[in-house]
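Participant: What follows is each chain in one-letter form.
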Amino acid sequence: MNVGFFMDQNNSNTIVMNKNLRPVTLAKNNIKNHTVYQFPITLKFLLILILSVCSQIAFSQVADTNSLTNRQKYYFEVSYYGYNLIKPGLKANFNFIFKQKPNEKKTNLLIANAHLGFSWYPHSHFAIFNYYQIAYRGIKSKNGKFFTIALGPGVYRSIYPKTYKVTDDGNVEKIYFPGSTYFSPALTFGSGKELNNKILKARFIDVVLMFLFDYNTNIVPLLSIEIGFKI
Amino acid sequence: MKKIIIFLSLTILIFFSCKKEDIADLSDVIYIRHAGADMPAYIYGNASDKIFIILLHGGPGNNALDFRTSRSAKELEEKYAIVYWQQRGQGSSEGHFDADDITIDLMTEDLNAVLKVLKYKYGNESRFFLMGHSWGGELGTAFLIKDDNQLQINGWIEVDGAHDIPKINIEAIKMLINVGNEQIELNNNSEKWQDILDYVMQIDTNNINNETGREINRQSHQAERYLLNDNFIQKPEGKTMQDIAIMYQQDWLTGIISACYTYVYNSKFYNEIETTSLTGELNKISIPCLFLWGKYDFVVPSQLGVDAYNLVNTTDKKVVIFEKSGHFPMENQADEFVDNVVTFIESYK
Chain A
1 MNVGFFMDQN NSNTIVMNKN LRPVTLAKNN IKNHTVYQFP ITLKFLLILI
51 LSVCSQIAFS QVADTNSLTN RQKYYFEVSY YGYNLIKPGL KANFNFIFKQ
101 KPNEKKTNLL IANAHLGFSW YPHSHFAIFN YYQIAYRGIK SKNGKFFTIA
151 LGPGVYRSIY PKTYKVTDDG NVEKIYFPGS TYFSPALTFG SGKELNNKIL
201 KARFIDVVLM FLFDYNTNIV PLLSIEIGFK I
Chain B
1 MKKIIIFLSL TILIFFSCKK EDIADLSDVI YIRHAGADMP AYIYGNASDK
51 IFIILLHGGP GNNALDFRTS RSAKELEEKY AIVYWQQRGQ GSSEGHFDAD
101 DITIDLMTED LNAVLKVLKY KYGNESRFFL MGHSWGGELG TAFLIKDDNQ
151 LQINGWIEVD GAHDIPKINI EAIKMLINVG NEQIELNNNS EKWQDILDYV
201 MQIDTNNINN ETGREINRQS HQAERYLLND NFIQKPEGKT MQDIAIMYQQ
251 DWLTGIISAC YTYVYNSKFY NEIETTSLTG ELNKISIPCL FLWGKYDFVV
301 PSQLGVDAYN LVNTTDKKVV IFEKSGHFPM ENQADEFVDN VVTFIESYK
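Each protein sequence line maps, in turn, to chains A and B.
For the first sequence, the numbering used here gives the first residue as 1, with consecutive numbering after it.
For the second sequence, the numbering used here gives the first residue as 1, with consecutive numbering after it.
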C-alpha cells in the first residue's frame, strides 16, 4: 500500500497514490507544479499494526473478570532485555488483567501493562525506557502455553556519559544529566508457558520492536529480545 | 523479592562504578553536543604525550570504530591516542536535527566543536593530527581550507581521501580501463573485467550524474575485489576476538538506518558531496601533509593524492603509494602504513 498525501499548491487536499517514498515533484507523474508529501514506510507499517491490534481487541469476546480475585488481576514480570539481541538490559513489567474469557480450549486475556527498563551499550551509554501497552494473550487450557501480542506508546531516553556542549560564542560547557529523549511506541510478539511454581508463575520470550521517533533526522527501529518470568 | 532488589542494586552499582583514568592506556568516551547532534568520540590509546589523531571516517554513513578493527589502529594506539569521532547522523551518533540543515560546512563546524571539547578536556597543550579516510578526506580538506582552522592542527594525513568527487569519477574510469586491459591481457577474470570495460567505455565523462557516479563507485569496489582475489592487493589480516568485541560495541542496525535517512536518501546533501571539488583550494593548506594512497584504489584513485601533494602550499609534505593496496591501505599494508604515519607524527608533533 503506497498512499501519498498530496498538497495541491493552488487547491489543497487531493489524495493520490504514489510508489515513491520521498517528496517528489509531480512532473515525474505527468502533473506539474505539485509536490507529494508521503508517509515514511515505517509509519505506514506502524499504522497497519495499530489497526491490527485494535481489531484484535475489538473483535475479541467481552470477558467476565469476576472470577478473578484482585490479587490475580495484578502481576509482575521481570526480564532480561537484550537490545539488538545481545546488548544487555533489565526490565520490569506491571500487568493488569482487565478482561478474561475462558473457554474449553483456551483463555483469552486483555491486559494493560506498564514497562520500565534499561539497556546498557557497553563502553558507550545507557538507555532507560518506559512504555505502556494493551496486550492480548491467549492461554491454551491443555498445557498452559500462551502467545502474546501487544502495542502501545512509550518514552525512551539515551543517557550519555560525559557530555560537552559548544555554545554559539565558542565556549565549552559541561552538560549535567545529558541525554536525548524519543517518543517510542513498542510492538511486542511473544510466547510462553505457565509454570506450576509458587514464585515463578510463568516464563516467556518476547520480541520487542520499538520505534524511536525523531532520532537524528527520522525514525529508527530497535529490535530486542526479552526473556523473563511472571512473578 | 528481596533477592531481586539486591541483584538489581548490585547490577546498577557495577554498571555505574568508576575507574581511574590511565592516560597511557586511555579508554574514554565523551559526547559532543553541537547544532542538534550528540556525537560520541571514543578515545583509545596512549595520551601520555597528549598527541591525538582525530579520525574522520568514510561514507558518509560509516562508523569510526570500523578503523579500530585494523592492526594499524592497534599499533598507533600504542604510541598515540586516537579519537574515533562518530560524525552526525552516523554510527551511534544521536540527536534531533533537520536533514535539510546538513551541509559540509556544518560538519566542519562539528569538527571544530570536537577540537574545542578535546582541548577543554585534555588541555590546550594537546596536539592534534587529522586523519581523513575516503569521505573523511573531503571533510578534512573542507575543514582545513576554512578560516584559520588549520592553525589548530599539527598535521594532515589524507588516506585515499575524496576531496574532489567529480575528478574521482573521471580518474576511476581511466584507471578501470587501464588496469582492466592489463588484467584481460594477463587472462585474469577476463570476462568480468570486460563487463567493467563495456560499462565504463560508454560513459560520457563530460556528463556524469549522481546515478552514474554511484555505478562507477560500485564497479570500482568490484574491480578491487577481483584484484584482491588475484593477489594484486594484499589480503587484510583476519579479525581477532578483540575485533569482534569492537564490532559488538557498534550499533549496526540503528547506525545504518539512521545514516540512510541522513545521507543516502538526503538528496540535497548527497548532491553537495558528489559535486564538491576542492582541488582548486588545496593551495590554502600550509600545514605538514602526508598523503597515503593504495595503488589499486579505484574508489578514490591515487592521482588525487599526487595532485594534492603537488598543490598544497607547504614543503613539509610526502605522498606514499602503497603498491599492494586498494582503498584501505591501513588493512592491506598495515606495517608500511603505520611506519609512515609514525614517522610523520614524530617529525611534526
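Derived from the structure by calculation, the hints contain no laboratory data.
Mixed in with the good hints, there may be bad ones.
[To be verified] Partial pick of chain B residues on the chain A-facing surface, computed with a CB cut under 8 Å:
| no. | residue |
| --- | --- |
| 1 | 31 |
| 2 | 32 |
| 3 | 94 |
| 4 | 147 |
| 5 | 247 |
[To be verified] Calculated cross-link-like contacts (lysine-lysine; reagent style DSSO-like; alpha-carbon spacing at most 27 Å):
| no. | chain 1 | residue 1 | chain 2 | residue 2 |
| --- | --- | --- | --- | --- |
| 6 | A | 87 | B | 174 |
| 7 | B | 119 | A | 165 |
| 8 | B | 239 | A | 165 |
| 9 | A | 174 | B | 74 |
| 10 | A | 87 | B | 74 |
| 11 | B | 239 | A | 162 |
| 12 | A | 174 | B | 119 |
| 13 | A | 162 | B | 268 |
| 14 | B | 121 | A | 174 |
| 15 | B | 146 | A | 165 |
| 16 | B | 324 | B | 119 |
| 17 | A | 162 | B | 74 |
| 18 | A | 174 | B | 116 |
[As the list claims (entries may be wrong)] For the chain B half of the interface with chain A, some residues (derived, Cβ under 7 Å), not all of them:
| no. | residue |
| --- | --- |
| 19 | 30 |
| 20 | 33 |
| 21 | 34 |
| 22 | 92 |
| 23 | 99 |
| 24 | 113 |
| 25 | 116 |
| 26 | 117 |
| 27 | 120 |
| 28 | 261 |
| 29 | 262 |
| 30 | 303 |
| 31 | 307 |
Remember, it's a predicted structure, so these values are computed and weren't measured experimentally.
Think of the CB as a built atom: it goes at the ideal place given N, C-alpha and C, for glycine as much as any other residue.
Participant: Taking the earlier hints as the rules, which of them does this structure contradict?
Facilitator: 4, 5, 6, 8, 9, 11, 13, 16, 30 and 31
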